[in-house]
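What follows is each chain in one-letter form.
4 protein chains.
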Amino acid sequence: MEALLEKIIKDCAPYKTLGRPASYIPELANGDINDLGIYVTCSDGQSFMAGDALKPFTIQSIVKPILLLLCLMDNGPDLVRDKIGVEATGKPFDAINVTEGSLSSSHLNPMVNMGAILMCTMIKGRDSGERFSRLLELTRLLADNPSVELDQKVYLSEKQTGSKNRALAYLLKTYGMIDGDVEEILDCYFKACSIKVTCKDLANIAFTFANRGRHPLSDKRLFPAEYAHFVNAVLVTCGMYDGSGDFAVKVGVPAKSGVGGGIMAVSPTKMGIGIFSPGLDSKGNSIAGIKVLEQLSKEMYLSIF
Amino acid sequence: MEALLEKIIKDCAPYKTLGRPASYIPELANGDINDLGIYVTCSDGQSFMAGDALKPFTIQSIVKPILLLLCLMDNGPDLVRDKIGVEATGKPFDAINVTEGSLSSSHLNPMVNMGAILMCTMIKGRDSGERFSRLLELTRLLADNPSVELDQKVYLSEKQTGSKNRALAYLLKTYGMIDGDVEEILDCYFKACSIKVTCKDLANIAFTFANRGRHPLSDKRLFPAEYAHFVNAVLVTCGMYDGSGDFAVKVGVPAKSGVGGGIMAVSPTKMGIGIFSPGLDSKGNSIAGIKVLEQLSKEMYLSIF
Amino acid sequence: MEALLEKIIKDCAPYKTLGRPASYIPELANGDINDLGIYVTCSDGQSFMAGDALKPFTIQSIVKPILLLLCLMDNGPDLVRDKIGVEATGKPFDAINVTEGSLSSSHLNPMVNMGAILMCTMIKGRDSGERFSRLLELTRLLADNPSVELDQKVYLSEKQTGSKNRALAYLLKTYGMIDGDVEEILDCYFKACSIKVTCKDLANIAFTFANRGRHPLSDKRLFPAEYAHFVNAVLVTCGMYDGSGDFAVKVGVPAKSGVGGGIMAVSPTKMGIGIFSPGLDSKGNSIAGIKVLEQLSKEMYLSIF
Amino acid sequence: MEALLEKIIKDCAPYKTLGRPASYIPELANGDINDLGIYVTCSDGQSFMAGDALKPFTIQSIVKPILLLLCLMDNGPDLVRDKIGVEATGKPFDAINVTEGSLSSSHLNPMVNMGAILMCTMIKGRDSGERFSRLLELTRLLADNPSVELDQKVYLSEKQTGSKNRALAYLLKTYGMIDGDVEEILDCYFKACSIKVTCKDLANIAFTFANRGRHPLSDKRLFPAEYAHFVNAVLVTCGMYDGSGDFAVKVGVPAKSGVGGGIMAVSPTKMGIGIFSPGLDSKGNSIAGIKVLEQLSKEMYLSIF
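Chains as they are written, first to last, in the working numbering: chain A, 1 to 305; chain B, 306 to 610; chain C, 611 to 915; chain D, 916 to 1220.
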């Protein structure tokens, strides 16, 4: 397995430089395009890695499945489906789907920014700070890594430049979908996106979804299996932005990418996978990362379809 | 003429209660649905009124043509057409026309909120405060009424509840169409909408557009005739929200309505008209106000078409 | 006046070759880009021309105001407004405004193809052939030219290649807005677009709208003044495709262009204007034609605003 | 297993009458709302049924995965992905996604009507008749039932009333995505939708997808495993119209529904499932059918996520 990973990383190296790091904040634009790493956590307790698997980067949109999980744990699936919706909207990750002068849950889903901002108000906590703390705690628990932390510089940069997310939040407020102070709500969202992780962290988190809610090593149940099914299903239909259909056909596993260059992929019952390569395609997905997953899926028959 | 106005006000009285005052802030919701007034300023120097013609209300969207005029005076027509566009967008006044992940001047026009917020950054002034002062001065000049003032309560209320305008402003910022602090920019916009006027003020302002830029009484030139043509043309194509086509067919004069219940109508070369009745239809136009204009247009052959 | 027209034609000649003839059928693609003509019919009975004012071309979309007039004469304004709508849709002339799985009159207007196809079913006649005959008769009457005829080659070519119009017609049928055989209905529409006219014909037709329904020479009433107001109003808001706002600001008269290169412009109470130059801009309007109108409007103060 | 199916059919019986049969043609409107059947073909060669499992109905949209398979067999996956696209469009099954005056593969996918009509031109055959014959042959082969036939009445009815499909086809032609005679192309599509099947047929067809291309009984390879992954992936993201996301969360298997009341569901490596109940919800999915699948998925842990 180790050899296979090394081979795939080598085979896919030429794709690293085809993409470009996200450029909307300097902290992401400075991402090293030569980084490429993979970490795999397997159901037999073993784990494997290759390349830059332990290099930290910000989680960005990959926090959305964790946010969704916490939202499910705090509210149950019915309320989540009711308030946020789960249909693919056919729109890029930060699109503003409002042309008819109204907004409803059918315009959202948990994997677009508007849905994620709404989820930030649905998780329990006295205030935005406590909400984020609980999200961070859950992330550490799933990653089996108590030292997972916020990247302060990225967080401040996101907070300073987040005009589109402010527009989205004020839209949600306009239509009565969120209450309270928009800046406070966004503070939780900006922090959530700025959590610093490695491929190993993502692989461990992914494994809890693959393992239907049980801890990778201790096998202790962290959340109900039903919530893993829920998250995995949403990831397949909208996890890879508007490249989700293509990814389902070519790779065939639940996955979520982030503009930090990470991809978290779930091979149900088998393994959790974390990948990192900051060169993105026009849809915001890591180019080399997708290539690595394509090859891994083919070699190990990972497609769930 | 006085008799005609009295008769029309009486004939249209039953329409007053068919509409409802704007309800998004208490100050507007408390509008007295029984108010109905008209003021007409004529080219021969005479003026006539009937009903509640001297009762104050907030100008709301009727400030947009004045804002457009100031924008033209400060920047010239080419820059305005280039940055804001002048095409009808086929969308309600505060619609968010962004479905394709980008925003351009072709999504805007000077009569939708997004265009008006953009205009607030294009008028000259060291800061938002000075920009508003200049707009207020121009309004007083056109209205020939130095005592035109801000309605402080409405302004504060707009400022407190303006989530949709905040969303619109952050969208403009996202796509690089405005710079600087959004709250400061919006402060100018919220103040602009909260200017307190009467039918008489609106009639005088309208007359300067009817008279192609010359003062109603002194006949002194206040602005170039070309800018009056510009504003009047924009009013015909998009002044009455998405009822503009219907209004052009039935009434046939450049006009602008506001959710405060006012309508300002321009009968080129002949007269300026100010109307007030707070009961609105679903498109945001004063129901009785439109009826009054329909009848006046028919009786006095005002249609420009 | 004759000298002015000659001068304008000469001044605007360089714009002729900036555009391109419509290319979707060979008959239009072969249009001679060097043609440029103007004909003006004045309220004092005089008429003037310059350039290729007597050269025939197909009327194309300029038939829409005539179709609308006949529709008004046959059904009255209320039914027309009800079934077709009169709001600018903010969409190009043949756009398909159906994204929500339904279609209503608010998606149409008399100047977009879908509205025009619907009007073809609303004019009186036992069958499509008789409907077209009545439209042709009206065109001859307004143009004061009994020899106005169909361009057989253009008609057959339109009929053969009209996939988009077929799509539009089947959409109308899907939503119950038209009944009967689509091909028969479209036959009337394709013929209507293929009527052969000259600048002189367009000027005379325009003059009946300028003259609020009375014949240019005999001054006999051909249709009620109210219908002229109706048509002129619709022309201002949507006559020049999605360049209507810009045209209103720059020229300021009701006008309709066609992809054959013609423009018909109405200067209320003053004159009817016909222009021809086949080089089109990206919106489908004659480039030199618009320039001619801009200059004429400026020199003769034609703007109605 | 037999007992489980009987129990589920009984439990879900109350849902039968909550929906209504499709009403756009009389043949479907006459569907008996009391019908409810299920057939399951398992990997061990066994099969089970309950309720109206052998009652015939028309396949309608469930033919789309078979059409997609034939398209893949005839053209390979790259061409299919290139010409039709595989992204969920966020639109109902027959929506017309054209608002920008152009059409591309990103507006389509194999599970919406426009994509299916396009596929009808991509399968091999000298003419429309031969194309349909090959599709029917493949259907018989997958269903392991040589007597699968066309429902002549439904076919003629579809052909007579198919205005929306005609609009879609003419749009495809307008944008150069299909060539040739629209009626001939649609003839193949209308026939495809009118193939008569039973739950047993659907279960057998589904099993070939579950079994990654091998025949249910003989285990002979009918098509490459890769095509089964392709079809199953597309089914998960867009098989249940705009209820696909909800279905993925609640049931979690690739499935396709048709307005005839059928659902075909694929449990990879385990079983093929055919269900029939003509009462539909507002999205066009069989209400009782979905309930049956929910319960079956829960009881037998079928979710792939």
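Careful: at least some of the hints might be erroneous.
Taking lysine-lysine and the DSS-like style, the derived pairs with C-alpha atoms no more than 25 Å apart in a straight line are [to be verified]:
| # | chain 1 | residue 1 | chain 2 | residue 2 |
| --- | --- | --- | --- | --- |
| 1 | A | K298 | D | K1185 |
| 2 | C | K774 | D | K1185 |
| 3 | A | K220 | D | K1079 |
| 4 | A | K83 | D | K1079 |
| 5 | A | K164 | B | K388 |
| 6 | A | K270 | A | K7 |
| 7 | B | K603 | C | K665 |
If you're looking for bench data, these hints aren't it; they were derived computationally from the structure.
Checking each numbered hint in turn, tell me which of them this model violates, lowest number first. Violated hints: 2, 3, 4 and 7; rest satisfied.
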